[in-house]
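Enquirer: Read off the chains here:
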Amino acid sequence: MTAWFQGVLGYGLGWFVATLILILMIALPLMLAVAMIIYADRKIWAAMALRRGPNVVGPFGLLQSFADGLKVFLQETIVPTAANRGLFLLAPVITFTIALIGWAVIPFGPDMVLADINVGLLYILAASSLGVYGVILAGWASNSKYPFYSAIRAAAQMVSYEVSIGFVLISVVLWAGTFNLSDIIEAQRAHVFGFINGFGFNPLLFPMAVVFLISALAETARAPFDLTEAESEIVAGYQTEYSSMAFALFWLGEYGNVLLMCALNAVLFWGGWLPPIDWAPLYAIPGIFWMFAKILFFFFVFSWVKATVPRYRYDQLMRLGWKIFLPLSLLWVFIVSGWLMLTRYSGVLS
Amino acid sequence: MIQTIAFYLFAFMVVAAGILTVTARNPVHSVLWLILAFFNAAGLMVLVGAEFIAMLLVIVYVGAVAVLFLFVVMMLDIDFTELRSGVARHAPFGVLLVLVLLAEIIFATAAWNAGGIDMARSAAPVPAEVPNIEALGTVIYTRYLYIFEAAGLVLLVAMIGAIVLTHRARGGTRPQNVSQQVKRRPEDAVRNINQPVGQGVEL
Numbered sequence: 022m023t024a025w026f027q028g029v030l031g032y033g034l035g036w037f038v039a040t041l042i043l044i045l046m047i048a049l050p051l052m053l054a055v056a057m058i059i060y061a062d063r064k065i066w067a068a069m070a071l072r073r074g075p076n077v078v079g080p081f082g083l084l085q086s087f088a089d090g091l092k093v094f095l096q097e098t099i100v101p102t103a104a105n106r107g108l109f110l111l112a113p114v115i116t117f118t119i120a121l122i123g124w125a126v127i128p129f130g131p132d133m134v135l136a137d138i139n140v141g142l143l144y145i146l147a148a149s150s151l152g153v154y155g156v157i158l159a160g161w162a163s164n165s166k167y168p169f170y171s172a173i174r175a176a177a178q179m180v181s182y183e184v185s186i187g188f189v190l191i192s193v194v195l196w197a198g199t200f201n202l203s204d205i206i207e208a209q210r211a212h213v214f215g216f217i218n219g220f221g222f223n224p225l226l227f228p229m230a231v232v233f234l235i236s237a238l239a240e241t242a243r244a245p246f247d248l249t250e251a252e253s254e255i256v257a258g259y260q261t262e263y264s265s266m267a268f269a270l271f272w273l274g275e276y277g278n279v280l281l282m283c284a285l286n287a288v289l290f291w292g293g294w295l296p297p298i299d300w301a302p303l304y305a306i307p308g309i310f311w312m313f314a315k316i317l318f319f320f321f322v323f324s325w326v327k328a329t330v331p332r333y334r335y336d337q338l339m340r341l342g343w344k345i346f347l348p349l350s351l352l353w354v355f356i357v358s359g360w361l362m363l364t365r366y367s368g369v370l371s
Numbered sequence: 146m147i148q149t150i151a152f153y154l155f156a157f158m159v160v161a162a163g164i165l166t167v168t169a170r171n172p173v174h175s176v177l178w179l180i181l182a183f184f185n186a187a188g189l190m191v192l193v194g195a196e197f198i199a200m201l202l203v204i205v206y207v208g209a210v211a212v213l214f215l216f217v218v219m220m221l222d223i224d225f226t227e228l229r230s231g232v233a234r235h236a237p238f239g240v241l242l243v244l245v246l247l248a249e250i251i252f253a254t255a256a257w258n259a260g261g262i263d264m265a266r267s268a269a270p271v272p273a274e275v276p277n278i279e280a281l282g283t284v285i286y287t288r289y290l291y292i293f294e295a296a297g298l299v300l301l302v303a304m305i306g307a308i309v310l311t312h313r314a315r316g317g318t319r320p321q322n323v324s325q326q327v328k329r330r331p332e333d334a335v336r337n338i339n340q341p342v343g344q345g346v347e348l
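The listed protein sequences correspond, in order, to chains A and B.
Quick note on our numbering: the first sequence kicks off at 22 and runs consecutively.
Quick note on our numbering: the second sequence kicks off at 146 and runs consecutively.
The hints are simulated quantities; they were obtained by calculation from the structure and are not laboratory data.
All C-beta atoms in this analysis are idealised placements derived from N, C-alpha and C, irrespective of residue type, glycine included.
Treat the hints loosely; a few may be bogus.
[Said to hold, decoys possible] Straight-line alpha carbon distances no greater than 30 Å define the calculated DSS-like cross-link-like pairs of lysine-lysine that follow:
(1) B:K328 <-> A:K344
(2) A:K64 <-> A:K166
(3) A:K327 <-> A:K344
(4) B:K328 <-> A:K327
(5) A:K64 <-> A:K344
[Claimed, not checked] Here are the computed distance ranges between Cβ atoms for each label pair:
(6) B:A169 <-> A:S253: 47 to 57 Å
(7) B:A296 <-> A:F355: 46 to 56 Å
(8) A:L349 <-> B:V342: 29 to 39 Å
(9) A:A70 <-> B:I150: 25 to 35 Å
(10) A:K344 <-> B:A256: 47 to 57 Å
(11) B:L242 <-> A:T329: 25 to 35 Å
(12) A:W36 <-> B:V193: 48 to 58 Å
(13) A:F227 <-> B:A296: 54 to 64 Å
(14) A:P228 <-> B:L300: 20 to 30 Å
(15) A:E97 <-> B:G306: 48 to 58 Å
(16) B:Q325 <-> A:L351: 54 to 64 Å
(17) A:S253 <-> B:V193: 29 to 39 Å
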């Protein structure tokens with residue numbers, strides 16, 4: 022498509038227009054997916070609590086999210102008089118934008134990626150580390166007690182779990198030998214016993230897959246690590262002073278981030294757009310189907326955890342991050358690199 | 146064309162954000178402008194093809210260091226007028242510092258352009274198609290291994306030093322001992338007794 026536009030409009034302008042269209046082709050379906058995934062989250066949560074969940078708007082309540090969206094769209098955005106007006110309104114925009122930019126490097130299928138860059142994984146890490154700014158700014162700009170507590174909690178929590186996420190990514194990168202997400206997926210082809218696709222099925226990397234899944238929950242502030250919006254302690258956390266679309270942008274950004282983490286789980290450990298088994302008939306199903314199936318499966322796991330696990334206390338959260346995950350993932354980097362040194366690079370065991 | 150526009154955009158934003166960092170009245174705004182400056186500097190590095198350094202700048206400085214900066218500045222109760230009062234006194238020192246840095250940059254670029262530095266050739270330039278990360282890795286982990294390790298040790302010492310200087314053992318607290326709690330079995334805590342009627346309970 023880029024080549025076609027460049028043929029019509031010239032090199033620079035053609036690239037610009039094509040990229041703009043590709044961005045919209047990712048962002049707009051993503052917004053639709055977020056709306057449906059909020060509905061799915063509520064339905065799963067309700068089913069596990071033996072309730073019906075949303076079932077009034079549209080068939081099976083499918084249009085609930087759109088009704089909610091219309092409602093908040095028609096509401097008035099209230100800015101508290103004591104708030105720092107500019108930053109107060111900027112914070113939800115930052116959260117929402119940062120949630121979208123990570124998708125630029127996610128491969129949805131063979132050659133179906135917006136930006137196939139060499140440092141794709143670092144780009145994702147950078148994008149996810151920026152996510153905390155929306156929360157901190159919202160908490161500070163609200164000029165209110167509970168949002169500020171929430172901002173402080175968010176800052177410490179997200180920085181802590183990024184450390185172990187970084188080490189997990191390093192063990193994956195060591196094995197794949199590249200930071201490019203498409204190449205990482207290719208490296209997982211027939212990875213275990215010559216026919217199973219996915220680093221997660223490798224016994225050496227499986228513990229890291231578990232650590233990554235739990236860290237992803239903490240990084241996106243999902244239950245059981247949703248201390249930034251713990252309603253029993255700090256009302257609604259950083260969202261307390263927000264209303265209407267500003268509030269909805271937080272909501273959309275949060276679920277966008279959750280989906281991004283699910284996609285990253287699928288890409289890093291479970292083969293991305295590859296079918297689970299390296300068997301020719303399975304490749305007849307398009308890669309994008311496998312990718313979406315894996316994303317949805319991990320979203321179900323996220324909802325499942327939210328419905329069943331009670332919220333952590335803050336000191337327990339910090340203990341898990343710094344005293345358990347950090348040493349464990351660091352040790353695993355040593356084990357993985359040692360194993361690779363023995364088998365792949367020095368040839369002692371190969 | 147797009148590169149030129151992007152360069153002037155990033156360069157203008159870095160300078161503007163840098164000036165606003167110094168002149169902003171509110172310290173939190175200062176930190177935010179600083180973050181914008183970091184971000185645009187990362188953009189400039191992408192333009193010269195140093196995408197690895199750019200990503201590290203965003204991850205380390207924007208994603209971690211600036212967050213902690215913001216964290217601290219947000220919690221400070223700063224008297225803005227008092228903060229402003231020292232400007233006239235510190236200005237000459239600041240100007241001197243700027244002049245020294247400017248002179249260093251000019252000399253360095255001039256020497257580089259004049260071919261006075263032999264390092265570029267001795268360090269075996271890597272072909273352009275090798276990714277940044279591989280090129281850096283092959284140099285850092287072979288040629289400059291000892292310097293790299295020394296840098297790591299310096300950071301380790303700084304970290305331990307900060308912990309030693311600020312850590313205080315607080316008495317009188319009863320922190321949760323998780324492994325003890327997990328190890329505790331029902332037999333340790335619960336006793337099943339058949340209490341005869343009319344006799345007191347043993348405690």
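Enquirer: Now tell me, hint by hint, if it's right for this structure.
Expert: Taking the hints in turn, this is what the structure says about them:
With a C-alpha separation of about 18 Å, the suggested pairing of K328 (chain B) with K344 (chain A) holds against the 30 Å cut-off. With a C-alpha separation of about 33 Å, the suggested pairing of K64 (chain A) with K166 (chain A) is violated against the 30 Å cut-off. With a C-alpha separation of about 23 Å, the suggested pair K327 (chain A) and K344 (chain A) falls inside the 30 Å cut-off, and the hint holds. A threshold of 30 Å between alpha carbons decides the hint, and for K328 (chain B) with K327 (chain A) the separation of about 27 Å falls inside it, so the pair holds.
For the hint pairing K64 (chain A) with K344 (chain A), the CA-to-CA distance comes to about 35 Å; that exceeds 30 Å, so the pair is violated. As the Cβ distance of A169 (chain B) to S253 (chain A) is approximately 37 Å, the hint placing it in 47 to 57 Å is violated. At roughly 20 Å, the beta carbons of A296 (chain B) and F355 (chain A) sit outside the given window of 46 to 56 Å. Against the hinted window of 29 to 39 Å, the Cβ-Cβ separation of L349 (chain A) and V342 (chain B) comes to about 55 Å, which falls outside the hint.
Taken as a hint, the range 25 to 35 Å is violated for the pair A70 (chain A) and I150 (chain B), whose Cβ atoms sit roughly 54 Å apart. In this structure, K344 (chain A) and A256 (chain B) meet the distance hint of 47 to 57 Å, their C-beta atoms being roughly 50 Å apart. Remark: the range hint 25 to 35 Å for L242 (chain B) to T329 (chain A) is contradicted by a beta-carbon distance near 58 Å. A beta carbon spacing of about 19 Å between W36 (chain A) and V193 (chain B) contradicts the range 48 to 58 Å that was offered as a hint.
Roughly 34 Å separates the CB atoms of F227 (chain A) and A296 (chain B), a value that falls outside the hinted 54 to 64 Å. Distance hint for P228 (chain A) and L300 (chain B): a CB-CB separation of about 27 Å, consistent with the stated range 20 to 30 Å. Between E97 (chain A) and G306 (chain B) the CB atoms are about 53 Å apart, so this pair conforms to the stated range of 48 to 58 Å. Checked against the given bound of 54 to 64 Å, the beta carbons of Q325 (chain B) and L351 (chain A), roughly 25 Å apart, lie outside it.
At about 51 Å, the CB distance of S253 (chain A) to V193 (chain B) disagrees with the hint of 29 to 39 Å.
Violated hints, listed in ascending order, are 2, 5, 6, 7, 8, 9, 11, 12, 13, 16, 17; each of the other numbered hints is respected by the structure.
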